[in-house]
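With these hints in hand, go ahead and build the complete structure from the sequences.
Quick mapping for you: the protein sequence lines, in order, are chains A and B.
Counting in the working numbering, the final residue of the first sequence is number 131, and the numbers go up one at a time with none missing.
Counting in the working numbering, the final residue of the second sequence is number 1059, and the numbers go up one at a time with none missing.
None of these hints come from the bench; they were simulated from the model.
Do not rely on the hints blindly, as some may be mistaken.
Where chain B lies over chain A, by a calculated footprint (3+ residues, C-beta under 8 Å) [as the list claims (entries may be wrong)]:
no.	stretch
1	8 to 16
2	62 to 74
Cβ pair distances, simulated, as ranges [claimed, not checked]:
no.	chain 1	residue 1	chain 2	residue 2	range
3	A	Glu70	B	Glu758	53 to 59 Å
4	B	His824	A	Arg73	34 to 40 Å
5	A	Thr64	B	Ser789	43 to 49 Å
6	B	His824	A	Asp47	49 to 55 Å
All C-beta atoms, glycine included, are put in the ideal place defined by N, C-alpha and C.
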Amino acid sequence: MNDSPRVLIVEDEWLIAEDTAAGLRAAGYQVVGPVPSVIAALELVDTDKIDVALLDIQLNNETSLPIAETLRARGIPFAFMTGFGERDVPAPFHDCKYVPKPAIEAAILATVADLLAPPRKAFIPPLSQG
Amino acid sequence: MEGLFKGVTGQPGMAFVIITHLSPKRESLLHEVVRRYTAMPVAVIEDGMTVQPNHVYVMPQNVVLTIDRGVLHLRRPNGFSQERKPIDIFFSALAEDQGEYAVGVILSGGDSDGTLGAKAIKERGGLTVAQMSDGYGPRNPDMPQSAISSGLVDIAVPAEEIGAKLDAFARSFDTLNGLADDDSDETAELNKVRDEIYGILRSRSGHDFSGYKTRTFLRRIKRRMQIAQLQSISVYIKWLKEDPREVMNLLRDLLINVTNFFRDPEAFAVLENLIVPQLFEGKDASDAVRVWVPGCATGEEVFSIGMLLREHMEKLPAAPRVQIFATDIDEPALAVARAARYPEALLKGLSPERRERFFNNDGESYVLSNEIRELCIFSPHSVIRDPPFSRMDLVSCRNLLIYFGTGIQNRVIPVFHYALKPGGYLFLGTSESVGQHDDLFATVDKKHRIFQAREHASPHVRLPVLIGDGRSGAFPHESTGARKGAPGYPLRQAVEAQVLERFAPPHVLVNGDGDVVYYSARTGRYLEAPQGIPSRQLLTMARRGLRLDLRAALREATTTRRTVVRENLTVEEDGERVQPIKLTIEPLAERDNGEPLYLVLFEPSGPVQARSGMDGESRESDSTADLERELRDTRERLQSTIEEYETALEEVKSSNEELVSVNEEAQSTNEELEASKEEMQSLNEELNTINAELTSKIEELDHANSDLRNLFESTEIATIFLDRNLVVRTFTPAASSFFSLRPSDVGRPLTDLSSQLDYPQLKPHIDKVFETGETLNHHLARDTKGRFHMVHINPYRDKSNRIQGVVVTLVDVTVLAQAEEHQQVLISELNHRVKNMLAVIVSIANRTRESSETKEEFAQALIGRLHAMSRAYGLLSRERWKEASVKKLLHQEIEPFGIDRFELEGEEVKLGPQQGLSLSMAIHELATNAAKYGALSKPRGKVVVKWSSDDDVFTLAWREKDGPAVKEPASTGFGLTLLQGEIGYRLGGKVETAFLKDGLSVEILFPANHKEGS
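What follows is the structure, given as structure tokens:
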């Protein structure tokens, strides 16, 4: 278990965070967090080992962009999870993956798997936003 | 009118057209009136109507009516001219169209309308009828009177008889149809008849008509017969022989068309080329060319001469003044001439150039231009009775003399000679001549009857003194000339004659002017032939010593009409001896007609005496002889003075006459001026009204303009009006910033002006609007100031809906654009929120499933949680997602569990939306848990909820009482986990639970930062 990838979840909505974490745990990942704020997330990034991250863009009163920048700086792959459309992904991160909310568990898992396998640049089509 | 139609029987075979002088503004009801008097159908004329026999047509008001090939035409008058001659116009058209089948009837009416029309009809061989006044009508006799006095009317009868005359006229066409036909088999007989009539005319009038066109001649005779209603030509000839008046009428008819413009063009050509230059010869601007046209009638001859003179004047550098005195005894005809207005049909003699040059067409008839009219002075004058004009250069008297008998002709010709300057010209009609007066006139052109006055002249044309008295229109008959002694004396007369011859004193008979009309025998002692031209003038023939007394006595006799006797006069005989005589002048007993005559008797009253012994003494004193000589000289001087005076007097008379004419002309001009002045006044009033109207319109316009200007200035909308060439017509102040427009740029093309707009397609867009005529809208990109603008290009249409330009409008749509952007933001926000919520619901469902053992439990828990969420959302929506009241929120969540089982304590606290949502979920979980396992599961159980808020922290305490005993569960249920998650994780707060023995106690804390966003 200890060498399974560690996934950081940043999500302000506790129910969603808990649900996503449960899905990932069930799939055999180690979940870091989840945390609802930028400060908590950056603390974890500093102190914990993180292989991959899932970021909700709009957090309570703030966005997760500072986290994304830090992650990019550290070379940690990440994906956005958002109810906004693709166009709401901030400009510097247009090439990043994102998972539309409400997310199907399979989509989350596929994205995480994809992020962990860098040579495989398979395109994962965004799912219906309806 | 009534009388006329009552006289027409059922089917006359004619069509009637009624023309009236109606006010153009009044609706005519004439057709209704006429319908009452006739059985024939009556119609109001419409344009293009064909005339049918046995119909009556009534002219509508305010039109000009003409006829062409039996079709009636209406024209609207051009409205300027008040002075219309509708009857003249229709008559001339009718004459043209119908020829001898035309009949013109002139009834009551003012003015002289119809006179020229009647002339046109008569020229074409038609019949003219005028209403003659009787006891009842016409009400206004001017019009028929004018026509009658012009001599153009065939029949003048009262209205009641006109109908019958017309009937007879129409019928007579059938009976006389053969007469004027060329191929008549009675040609030989007709020739005989014609010769007979020529003979009658020649003997009666001295004019030979054998050169006249046969057909025309016969047509005229036929017309006379129709008028007289004679069935056979022999009856007519008989009548002609018996009635000299009919000869005159026929003559008149034969000569009717003699007064056209430039009648006898060849004669006028000679006048133009030969005579007119002579008239102007050697004259400069201070001189005058004087022309007299006696018998001018309706003025055509006058104006023809006027045109010739005017044309010649234009060739001269300094043209002398031209005066044309035009006279006639016929005043109505003069009125026509003065008006100088002719229907088109009467202008035939004119060349198109002259018509163009000298006439103005006022739409209905032709009016002579002023340059000719002002040369002419019209006045009533009789060539026979009134003193003539004098010092004329030309007298043109065409076709007047033919109406006079030879006697009057012989009187008139010397009058013309008197009137002319020596060397002046006389212009007569083709069939006229100066007769035996070769001594007065030399022939210039025999064929065209142009004569020149010889220089030596009889100095004694006696002029009548009757200046200013009434001038009657009728020509007098043969002058009272010398009476011829009747042959076959009875015995008594023979005796009387012998007694007279032997014993009566010598005497002569003179008229009022002193012209001798009869000499007795043995007058030689008192009279002698004077020097120079032979004369019948008594005063010039009287011997010396007699003249003065004779003159004085004659004057006394003519003025007092009493016998005047002068005793003890002396007549010189043989120079030395004198004869005393008694002179008696006695008016001759009045005779029926003619002028008064006077008998002048010379009675010797003593033996012949030697001159020296005249006073009864034979003193031969020198002084007496001297005195006598002196007296003689004085007498001679007196005599010559008297003669000079006479000459001067005659000149004064002529001048006076001329002045009278001029005065009358001036008066008529004055009247014209008065009429013009009235017209001007009414015009002026009209103009005033129009002006007032215009002023009020201008005021309205000013208002509208200032409204527009204010609108322009108040509107924020930039608008530019461009014409077809993109020239700026006007713009609103708001537009000036876009195109750097200044007021002075109005009139410049927009393309010349620098634009602040990034709008290169402006020109093509405008072109497109011109092409399609449709409005074009275009959004401009955001400008440098961050404003958005929308351009409307509308076509500018004028009244007739043609595109005359475009209106370019720039509307600032920044607010709209911002609202749109905002809307986009809201939509995506909503999208996000909905998706987020769905994600939450999915998570709740997942979590609930995991913590539920049965399907029912799952469904109940899930639905309860969803309802709690829904209620919270409902509350937040009502509060516009701004804030939520804790109290309301609690009420809402606990209500399904029975509100009486709760005790709520706390002040009014508002929470942020997210806090409200999370707290709702938490309360729901607590209440559900209490109902399942806690205080609410027992009937007496109660829950106390207390909350408070200080600066930073919101605190809520949930305390269950009187419930079943509780103990801390082995594993935390999902309810409490959710509570922990919502408050602890989501809101960054704290949840403390205590499982006390009388019930659960939960304390919730979280930062009271209700200014959070969503």
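Status of each hint after checking the structure:
1. Only residues whose beta carbon comes within less than 8 Å of a beta carbon in chain B count, and the stretch 8 to 16 of chain A has 4; three or more means the coverage holds.
2. Residues of the stretch 62 to 74 of chain A with a Cβ under 8 Å from some Cβ of chain B number 1, which does not satisfy the need for three, so the listed coverage is violated.
3. One distance hint, 53 to 59 Å for the beta-carbon pair Glu70 of chain A and Glu758 of chain B, holds here, with the actual separation near 55 Å.
4. For the pair His824 of chain B and Arg73 of chain A, the supplied restraint of 34 to 40 Å holds, since their beta-carbon distance comes to about 39 Å.
5. Range check, Thr64 of chain A to Ser789 of chain B: Cβ separation about 57 Å, and the 43 to 49 Å hint is violated.
6. Under the hint 49 to 55 Å, the C-beta atoms of His824 of chain B and Asp47 of chain A, about 51 Å apart, fit the expected range.
Hints 2 and 5, counting from the list given before, are not met by this structure.
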